[in-house]
Amino acid sequence: MKDRHVLDELSAYIDGEAKDADRITRHLQHCESCARHRIELLKLGAHLRALPQPEESAAFAARVMARIEAQQTARPFWQLNLLIPAFAGTAVLLLVTTLALYGLSLTASSPPMQIAQPRNTWVDEEVVVSELAALINSGADVSMVEEPVLAAEDPLAPDPEAPVTMDEMLTVMAAAAPELAPAEPEFGEEDLEEMISTLASDEVGTLEELLVEYMHEG
Amino acid sequence: MSQNDDWELVARAQAGDTTAFTELVRRYQVPLVHFCQRMVGSLQDAEDLAQDAFVRLHRHLNRLRPDARFSTVLFGIARNLTLNHLRDSRRRGRHQALPLDEQVRAPGGDNPGHRARLEEIETLLKAGLDSLSAEHREVLVLRELQGLDYESIAQVVRCRKGTVKSRIARAREQLRLRLLELGGQEL
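Residue numbers (this note's numbering), protein chains in the order written: chain B, 860 to 1077; chain X, 54 to 240.
No wet-lab data here; the hints were simulated from the structure. No experiment lies behind these values; they were computed from the predicted model shown. Hints may contain errors.
[Claimed, not checked] Cut-off 30 Å, straight-line C-alpha distance, at most; resulting in silico cross-link-like pairs (DSBU-like, lysine-lysine): (1) X/K214 to B/K878; (2) B/K878 to B/K902; (3) B/K902 to X/K214; (4) X/K214 to X/K179; (5) X/K179 to B/K902.
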């Protein structure tokens, strides 16, 4: 197996985080380029750690504690630890209120379903009758109660002015439409008596001959 | 300082012991300011950010639970503050290369030549760090300057451990190449 270079693994190796540290160690023992690179990384780290550090200062801790104390004394109530419970309580209250209002709005805006009633005068009469019955039952004087005005004429209601006999009906019809009136009959009772007397004569042998003759004369 | 000691102080602070929290501030003041300084460049801004981090930690003190390293919690807060600071600085056009007049306290000796050389390296390192992206700079600083392991760094920057590993390797390589460009061949 070929011993490959370990340049990419040297960073983790010098930090003690390499997975295959033993193999890297063996490689470094005979590979000059990788070993030199490791030395450069170690020197780089040493220089970084040699960078001057800030000095410890008692004033630093004093300033931190002063800021903490100032914030605690100046912190308004809404920044105290009560903030979260207060928000939670407000949220629950808003939720309950919203649900309650929503329920009320549903009740108010959604009347029970009604079947559309035709604008029928019979229905109106039933209403009037029921109202009258209620008034009568309550002992009220209904003598002055006017008859309800029907919203529309009932086409099936009997007309008091309608003709009651066939002749009257024909008269009305003739007055309304003269061209439709039946024509005056040309063959009346007098014609029939004359025809019977003729039958007694010897000139006409049969009824059929009489009728044919009558038709030709007409 | 041990993590147990840290959480004991936290527990006492949660009970209202102000001196316990002051002790936490004293313990982590230097590493936190240093981290912020290497992230934002300015020492003054770093101190302000570190103070903000402690104030915020105290504000959420009662929510802290000892299920992680205390240092990762504290550096996580500071890291968010520094990233916000860098973002705001970019918006205002204020972000610039690390100032070279920041408290350069080069260690070492009375030899003027040696001291000048250390100052030069320090200047190069600051410029090199500043050339890195924030996500590469933060993991490198947390590893090299704070000594956090990969798992802790992953908790601070909120990413996978494998991502930390690759970011640190890339940050080192970019910084090494940058220093070579800047003239640090003899680094």
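**Request:** List in ascending order the numbers of the hints, as given earlier, that are violated by the structure.
**Result:** none
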